[in-house]
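Asker: Residue strings, one per chain:
Protein chains: 2
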Amino acid sequence: MSFSISATGKAVPGRLVSDYSEVQGSRLNIPLPLPSVLKNSFELVDGPPSSAVGNLEEIAEFFPKLFGQPSVTLKAVGASGEAAEERSLNIGVVLSGGQAAGGHNVISGLFDYLQARTRGSRLYGFRGGPAGILKCNYVGGFDMIRSGRDKIETPEQLKQAEETVTKLDLDGLVIIGGDDSNTNACLLAENFRAKNMKTKVIGCPKTIDGDLKCKEVPTTFGFDTACKIYSELIGNVMTDCRSTGKYYHFIRLMGRAASHITMECALQTHPNLAIIGEEAQQLIAELNEILLHEVIDASGVWKKKLQSHSREVFDLLPYAIRKQLLLERDPHGNVQLAKIETEKMLIEMVGTELEKRKQEGLFNGQFTGQSHFFGYEGRCGLPTIFDANYCYALGHAAGVLLHYGKTGLISSVGNLGAPAEEWTVGGTPLTSLMVVERRHGKFKPVIKKAMVELDGALFNKFVSLRDDWVLSNRYVNPGPIQFSGPTAEALTHTLQMELGIDA
Amino acid sequence: MSFSISATGKAVPGRLVSDYSEVQGSRLNIPLPLPSVLKNSFELVDGPPSSAVGNLEEIAEFFPKLFGQPSVTLKAVGASGEAAEERSLNIGVVLSGGQAAGGHNVISGLFDYLQARTRGSRLYGFRGGPAGILKCNYVGGFDMIRSGRDKIETPEQLKQAEETVTKLDLDGLVIIGGDDSNTNACLLAENFRAKNMKTKVIGCPKTIDGDLKCKEVPTTFGFDTACKIYSELIGNVMTDCRSTGKYYHFIRLMGRAASHITMECALQTHPNLAIIGEEAQQLIAELNEILLHEVIDASGVWKKKLQSHSREVFDLLPYAIRKQLLLERDPHGNVQLAKIETEKMLIEMVGTELEKRKQEGLFNGQFTGQSHFFGYEGRCGLPTIFDANYCYALGHAAGVLLHYGKTGLISSVGNLGAPAEEWTVGGTPLTSLMVVERRHGKFKPVIKKAMVELDGALFNKFVSLRDDWVLSNRYVNPGPIQFSGPTAEALTHTLQMELGIDA
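Residue numbers (UniProt numbering), protein chains in the order written: chain A, 1 to 503; chain B, 1 to 503.
Honestly, the hints are just simulated from the structure, not real lab data. Errors might be hidden in some of the hints.
[Stated by the list, open to error] Derived, one-sided and incomplete: chain A residues facing chain B with beta-carbon distance under 10 Å:
hint, residue
1, VAL23
2, CYS241
3, HIS309
4, GLY479
5, ILE481
C-beta atoms are modelled at their ideal positions from N, C-alpha and C, and glycine is treated no differently.
Looking at chain A on its own, in the form it has when it is part of the complex:
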């Protein structure tokens, strides 16, 4: 491979240099810091045998070849230490699932590691996600490989994957993805090992949702960039609010079950109201239970059965939604969640309620809602300095783990509160992140989604602040992501909390 690599990315063949913006160009020319341990001789040190998040026995049965293997950590060895065997490797890399800023840097990191430590290696980029593995659709070297959402699960798909990795004589496969993609990586690793194939599989933690994390993998890449972009936009809308004074803005953020993005953006911007899905879910579960036994009346007896968090959430909700939660149920008696999930629905409901109050003489203001959905514009921003550095290190970690013949691990980069030079590098067994869940009627091993913890430090901080936000307009405008200056390397509130350094 002849083209030169820069640390934050590189000129993709077929892309004109003039297609890079000035900011992008300036980012391309800045070398990225690398954890010191990667700069010199190191060895891999095993931790104790690993376990799983839950359902230990079942996970062990699902992964007989992988279960229990230890985490590994890179440790510097003196100049006298033994360097890893220099050998050439064939490695495939694939992006799986939703977009997230920094994926390019993972590949750059992997590439640079292979260049530096395993001369003569080949790196294949599978195009369009896992489907690229199934169809053996790849680019030699390095290109924009795109992502895709296919899975490699069925016996037929596994066979296709085996054919591809055999055809390309792959020593390793790096799967860059979220919880489902990494579960998939683990299944592949188990399958390859069970069949005595040489191909090892390493995962990398990617998702803007931030719902794949554990002690050794404190965050996923893309979360930092996405939250900062959404917070910039929310902050701008807030400043507009202050000046215009005639609209109520309802903003929905991209994401699935976990509300880490909403929580982070709320802490960055201080909206009047932030709806944390996990709270609503708990509230709804409690309401479903209470409504089986209690009568909803003015006495409020039923309400005292709610836990304090849930009672607070309930009281924060607009009247129209509270009413719907209590009165409108589906045929099974459950709250009709889908009906209250969108920003436009909320605007309509609030508007209806205020119109009613107006006619009753209880409200004489104006209500005009503006709806926003911030999604695609936050998944593929230029990565923040944190995401750029983190991804580059993750890519190196994947290279190291494959170089040392590891499989079924996820790249883990730690000590993230320190400068990048002091970050730790290693791998964590994917099985250690797993539990068994029922999916489509079958029990399956899955990486347990990290949800917002309603008894966690971050949520408590949010709770301690939000009452003041409701009426006081404590809006904060975080401004655009900066690549230099004092604010360029700020960590998210979420990551600071994970690292135990939240102020």
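We have chain A; now place chain B onto it with these hints.
Answerer: Chain B in isolation, oriented as in the chain A frame:
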């Protein structure tokens, strides 16, 4: 007024310091450059008598007291030169019309000028736009005064304004707004002068639309920031496109008749297709004319009657829209413009057309559209370095013009291609920007809106590039606005063209 001022803004009373984000805080602490001419002794030099854009006689009749007054420019005088008389002034300031980044800095500039050169002055901020003048609703000193869209036109409104400026003993009033607001400023100036009142009126050019400009006022503030925010978001969506490969994104940008924002964002990001309203308008005007006389048939005779620009636009449009332009007319025979203006409508039409082709066996791909509207999130971003500096200078200019007793002028800051220290400062007669137009059945003097010029250099550049963009995906991701580093002070393509320095 006891609180200290920083150049990019200041801590607003009642707002907690903790409500400022880190980026905002760092911007608050950076002193802004000031045109050198403002730093020392200067005098005001008159230009030749001014005219109007059109309808000279009518404009002269509408503004008997103001028409023809010269532009003024500040010119440095030696240490021996006579400094302007030091006197205290009562000045009101109002934000009128849509939001735009940097308004705060205009007020800071005005405030700092008054502090430095007219000791003992008072600055009143009228709340909620021109309605604040009508209702004498103001804050002494300096606060978040909000904007509003009321006009001051009717005899009763003029009387209310007279009462307010008399009550507050105002020497001057600064109206920060777009074309309509500045037209209004001129009417007020004329009215005050006609009644021998002492209150002078100065306008400031604010609008993200960029449609208020002339040789002496090469741009409005807020345009730079808005275009850069929208371009960041468009660029991110483009990167997402490259990686996801499954959506077609349709983006609508905020704005009214003029398409400067769309043109600028197109040049910054290179979308596959950019619809410039002015082209469509010309095309539609031509089509309306042609359809009166020609038969639309396969011979294409009718098409040859289109001018070359219009023919190109027509060919660029999706088939479904071309068909609608030719076939679906309102009862007066005109194209039904409202039907083709929204991003969602385009998605629906393209989807319908492709479904039809699919059934005819002419198309076997997938089409899923995603719609976006980028609007409110671009009007109130932290101002770019350009907007911050430009606004600060505009505010100073307003202070100078009022200090020297000028009225009916708009702050003009020129030589914008040079460093801020070399910018020129002065005022331009509002009447010189005017024509007479029919509005609501009456002939009225208005500031002529600057539209995208279809024979201008910028449009020609766009035309020379866009064919390549259609199929080649020459996407550019400009990245977030930077406040330091090599890209922080880049001018828009639009302004570079106005200044004759476009590469």
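Asker: Take the hints in turn and mark each one as holding or not.
Answerer: Results of checking the hints against the structure:
Interface hint at VAL23 of chain A: satisfied, since its Cβ lies 3 Å from the closest Cβ of chain B, which is below the 10 Å cut-off. Interface restraint check for CYS241 of chain A: the shortest CB-CB distance to chain B comes to about 8 Å, inside 10 Å, so the restraint holds. About 25 Å separates the beta-carbon of HIS309 of chain A from the nearest beta-carbon of chain B, more than 10 Å, and the hint is not met. Interface restraint check for GLY479 of chain A: the shortest CB-CB distance to chain B comes to about 3 Å, inside 10 Å, so the restraint holds.
At a threshold of 10 Å, the smallest CB-CB gap from ILE481 of chain A to chain B is about 4 Å, leaving the interface hint in force.
Against the hints set out earlier in the document, a violation occurs for number 3 only.
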